[in-house]
Amino acid sequence: MISKKILISAITAATMISVSANAGELEDRILKLEKTIADMKAQKAEDEEIIDELDERVSDVEFRSYTDKISFGLGMRVESNHFTNTKLNGDKYSTTLNRIKVNINMKSKIADDMKFVGRLSMYKNWGDQTPRMTNLDYSQGRRPNSSELYVERAYVDWLTNKGSTVPFTVSLGRLSTSDGPSYNIKEDTKRKGTFSALAYDWAMDGVILTANLDKISSGTDVQFTYFTPSVQDNPKTISQIGYDSGIDDTTVTGLIVNKTFKKLSFGNSFQAYYIPATDTTVTVPGTDTASGNTETKNLGDMILTGAMMEFTKINGNIDFFTHYAQNEARPNGETISLKNGKSAGLLSAVPTATSTTVSTDSIYGHAIWVGTRYHINKVWKVGAEYNKGSKNWFSFTVGSNDPVNKLAVRGEVTEVYVTKSINKYANIRVGYIDINVDNMNSGMIFGSPRSLTDPNVVAQADALSDAGVVSDSRNLYISFNLLF
Amino acid sequence: MRKMIAIATLFFTVSLFGSSGADLASQLGLDASTKVTKQWERIFKSKRKMKKRGLDKLSAGDLSVLKEYLINNAADADSAESAGR
Chain S
1 MISKKILISA ITAATMISVS ANAGELEDRI LKLEKTIADM KAQKAEDEEI IDELDERVSD
61 VEFRSYTDKI SFGLGMRVES NHFTNTKLNG DKYSTTLNRI KVNINMKSKI ADDMKFVGRL
121 SMYKNWGDQT PRMTNLDYSQ GRRPNSSELY VERAYVDWLT NKGSTVPFTV SLGRLSTSDG
181 PSYNIKEDTK RKGTFSALAY DWAMDGVILT ANLDKISSGT DVQFTYFTPS VQDNPKTISQ
241 IGYDSGIDDT TVTGLIVNKT FKKLSFGNSF QAYYIPATDT TVTVPGTDTA SGNTETKNLG
301 DMILTGAMME FTKINGNIDF FTHYAQNEAR PNGETISLKN GKSAGLLSAV PTATSTTVST
361 DSIYGHAIWV GTRYHINKVW KVGAEYNKGS KNWFSFTVGS NDPVNKLAVR GEVTEVYVTK
421 SINKYANIRV GYIDINVDNM NSGMIFGSPR SLTDPNVVAQ ADALSDAGVV SDSRNLYISF
481 NLLF
Chain W
1 MRKMIAIATL FFTVSLFGSS GADLASQLGL DASTKVTKQW ERIFKSKRKM KKRGLDKLSA
61 GDLSVLKEYL INNAADADSA ESAGR
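Chain order of the listed sequences is S and W.
Mind the numbering: the first sequence is residues 1 to 484 in the numbering used here, read in order.
Mind the numbering: the second sequence is residues 1 to 85 in the numbering used here, read in order.
Errors might be hidden in some of the hints.
Stated by the list, open to error - Calculated lysine to aspartate or glutamate pairs in the EDC-like style (CA-CA distance at most 20 Å, straight line): (1) 101/S <-> 78/W; (2) 262/S <-> 68/W; (3) 424/S <-> 78/W; (4) 420/S <-> 78/W; (5) 215/S <-> 23/W; (6) 424/S <-> 76/W; (7) 424/S <-> 68/W; (8) 107/S <-> 31/W; (9) 313/S <-> 78/W; (10) 313/S <-> 62/W; (11) 378/S <-> 41/W; (12) 313/S <-> 23/W; (13) 190/S <-> 68/W; (14) 69/S <-> 76/W; (15) 35/W <-> 112/S; (16) 35/W <-> 68/S; (17) 115/S <-> 31/W; (18) 115/S <-> 76/W; (19) 35/W <-> 62/S; (20) 38/W <-> 62/S; (21) 107/S <-> 78/W; (22) 109/S <-> 68/S; (23) 263/S <-> 23/W; (24) 262/S <-> 23/W; (25) 263/S <-> 31/W; (26) 378/S <-> 78/W; (27) 115/S <-> 78/W; (28) 190/S <-> 76/W; (29) 263/S <-> 62/W; (30) 378/S <-> 68/W; (31) 259/S <-> 23/W; (32) 263/S <-> 68/W; (33) 424/S <-> 41/W; (34) 35/W <-> 60/S; (35) 162/S <-> 31/W; (36) 109/S <-> 76/W.
No lab work stands behind these hints, which were simulated from the structure alone.
A quick note: this is a predicted structure, and the numbers were derived from the prediction, not measured.
With the rest of the complex left out, here is chain S (with noise of 0.2 Å):
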C-alpha cells in the first residue's frame, strides 16, 4: 500500500517536471515564431513596396510600348569613290567623290494583320554645288541630291485573310522597291527589297499584292505588282483635279515568283519575274535651251524579263547568286529632240537626220549578275561580283549604290571587296571595281547605243559629251556602312 503510494507520488512528481519542463520550451518557441511572423510581416511589407516599385516601372515600360507607336533606326553610309578613267581618245584624268546617305528606318507593328515600314533617306555629295534634279520622283532619296530628307519608302502591309489556305498580303504606299536582292550581299544585310535589283532600283508609289501558296507549296509566294513611276497630269496651280497632259502614265505592272526550299540548310531565294513598264516617258531639256524648257514624251513599252538566285552560308561560310535578265523595248514611232538636233526613240534612233519617227520593231537586251562571298571569320569577309549588259541593255535601275551605276553598263564590270566588321552593326568595306563600257549610253531609255569601236562614234566622242565617252573606268572605294 505504502510503495503505491509512493509510486504515485513519484509519477506526480515527475510529470511536473516534465510539464514544469515542456511549458518553458513551449514557451520558447512560441516567442521564436512570433519574432519569426513579425519578421515576415515585415518582409512582406517590404517586398510589397518592391512590387508596387516594380509595378510602376512595368507599367511606365507597357506604357512606352503602347505609345511609342513607331521603331526607329538609323542606316548611314560614308564612302570616299577614287576614279582613274579613259576617255576614247585615250586620255586619263582621275577625280574622286565622296557620297554621304543617312536612313532613318521606321516600323510599327499596328495589328496583328497589319504593319508599317518606312525610310526617309538624306544622300548627297560632299560639299555639292550642283543643282540636280529632284522632281524625278523616282529617284528621290536614291540619288544624291541634297541635304533634304526624303520618304523613300512609306508602306503598309495589311494580311487581308489571315489563316486561310492561300493569304494575301496588300501592300500600299511608296513600296520597297529598291535595294532588291542582291544588292544584300556586299551590303552585308538581309534582303531589303522586292525586285531583283538588277531589274529595279527605282522608289515607286502603287500597290503589291502577295498570295501566300505556303500552305499548297512550301516556301511559295506569287507577287503582283501596279506602280505608276511617271504621271505628268498633276499642274502646278492649287487645284489637285489635275488635267490632260496628254501624256500618258507609265505604269508598272509585274508578276514575280519567290521560292524558298526551307528544307535546305543554308539561306536560299529563287525569283522569276515579268514586269512591264508601258508608255515610258522621257524628259529632256528643249531645244530652246536659252528658255530652259523640257520636252516629255511617250515613247512605248519595256518588257524585263528574268530570273535570279541566291544562296547564303553555304556550309557556313559562302554566299552565292546569279541574275539574268531581258529587256525588250517596243518603240511606238515617236521621237524626242535632242541638244544636238538629232531626234532618237526608245532605244533607237531615226533613220536619217532629218527623220522624226522610228521603227516600231521590238529591240532586245540582255544582261547577267553573279557574285560569291566568303566569310573568312567573323570578322572579314571577302567578296567578287561580275556583271555584263549587252548592247540594247536597258533596266530601271539609278545607281544608288555605286556612283557609276555597274548594273546598267553595257560593257563588262568586274568588282572585288573585302569587308572587316567592326561590331554587330557596323563595318568598312573597301573594293575596286573595273569597268570596260563596249556601247554608248549605258542606262539611257532613248537613242539607239552605239559600239565604242564605231568610227563615226570616235570622231564625235568629245562633242557628245562635256566629259568626253568614258571607255574604262576604275574605281577604289572604301566606305564605313552602319545599320543599327
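Once you have looked at the hints, place chain W on chain S.
Showing chain W alone in chain S's frame:
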C-alpha cells in the same frame, strides 16, 4: 575511291538537309522576333530557362544552330524588308 565518294555524298547531303534554325524554333514554338538579342543570350546562359523551353534536350549542334537563328532574327536584329513577305 567509292568509299570516299560515298562519304563525300553523305557529308554533302547532311550538310544540305540538316535541321535549320527556323525549323528547330518552329518545333519548339519559339518566335525569334518576340525577344531582343540580349534576352535570347540570357536564355542560353541559364540552364533553368533553357529547360523551361525544352532546349536542354537538343544536341550541342542543334543548340548552336538554333541560338544563331534566334539571335540573327531577334526583334532588334537587322530584318528583311520586302513588301508583302
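Here is how each hint holds up against the structure:
{"no.": "1", "hint": "101/S <-> 78/W", "in the structure": "holds (18 Å)"}
{"no.": "2", "hint": "262/S <-> 68/W", "in the structure": "holds (16 Å)"}
{"no.": "3", "hint": "424/S <-> 78/W", "in the structure": "holds (10 Å)"}
{"no.": "4", "hint": "420/S <-> 78/W", "in the structure": "holds (17 Å)"}
{"no.": "5", "hint": "215/S <-> 23/W", "in the structure": "holds (16 Å)"}
{"no.": "6", "hint": "424/S <-> 76/W", "in the structure": "holds (11 Å)"}
{"no.": "7", "hint": "424/S <-> 68/W", "in the structure": "holds (13 Å)"}
{"no.": "8", "hint": "107/S <-> 31/W", "in the structure": "holds (18 Å)"}
{"no.": "9", "hint": "313/S <-> 78/W", "in the structure": "holds (16 Å)"}
{"no.": "10", "hint": "313/S <-> 62/W", "in the structure": "holds (16 Å)"}
{"no.": "11", "hint": "378/S <-> 41/W", "in the structure": "holds (18 Å)"}
{"no.": "12", "hint": "313/S <-> 23/W", "in the structure": "holds (17 Å)"}
{"no.": "13", "hint": "190/S <-> 68/W", "in the structure": "holds (15 Å)"}
{"no.": "14", "hint": "69/S <-> 76/W", "in the structure": "holds (15 Å)"}
{"no.": "15", "hint": "35/W <-> 112/S", "in the structure": "holds (17 Å)"}
{"no.": "16", "hint": "35/W <-> 68/S", "in the structure": "holds (17 Å)"}
{"no.": "17", "hint": "115/S <-> 31/W", "in the structure": "holds (17 Å)"}
{"no.": "18", "hint": "115/S <-> 76/W", "in the structure": "holds (16 Å)"}
{"no.": "19", "hint": "35/W <-> 62/S", "in the structure": "holds (15 Å)"}
{"no.": "20", "hint": "38/W <-> 62/S", "in the structure": "holds (19 Å)"}
{"no.": "21", "hint": "107/S <-> 78/W", "in the structure": "holds (12 Å)"}
{"no.": "22", "hint": "109/S <-> 68/S", "in the structure": "holds (11 Å)"}
{"no.": "23", "hint": "263/S <-> 23/W", "in the structure": "holds (8 Å)"}
{"no.": "24", "hint": "262/S <-> 23/W", "in the structure": "holds (8 Å)"}
{"no.": "25", "hint": "263/S <-> 31/W", "in the structure": "holds (18 Å)"}
{"no.": "26", "hint": "378/S <-> 78/W", "in the structure": "holds (16 Å)"}
{"no.": "27", "hint": "115/S <-> 78/W", "in the structure": "holds (17 Å)"}
{"no.": "28", "hint": "190/S <-> 76/W", "in the structure": "holds (13 Å)"}
{"no.": "29", "hint": "263/S <-> 62/W", "in the structure": "holds (15 Å)"}
{"no.": "30", "hint": "378/S <-> 68/W", "in the structure": "holds (13 Å)"}
{"no.": "31", "hint": "259/S <-> 23/W", "in the structure": "holds (17 Å)"}
{"no.": "32", "hint": "263/S <-> 68/W", "in the structure": "holds (17 Å)"}
{"no.": "33", "hint": "424/S <-> 41/W", "in the structure": "holds (14 Å)"}
{"no.": "34", "hint": "35/W <-> 60/S", "in the structure": "holds (19 Å)"}
{"no.": "35", "hint": "162/S <-> 31/W", "in the structure": "holds (18 Å)"}
{"no.": "36", "hint": "109/S <-> 76/W", "in the structure": "holds (14 Å)"}
In summary, the structure agrees with every hint in the numbered list given earlier.
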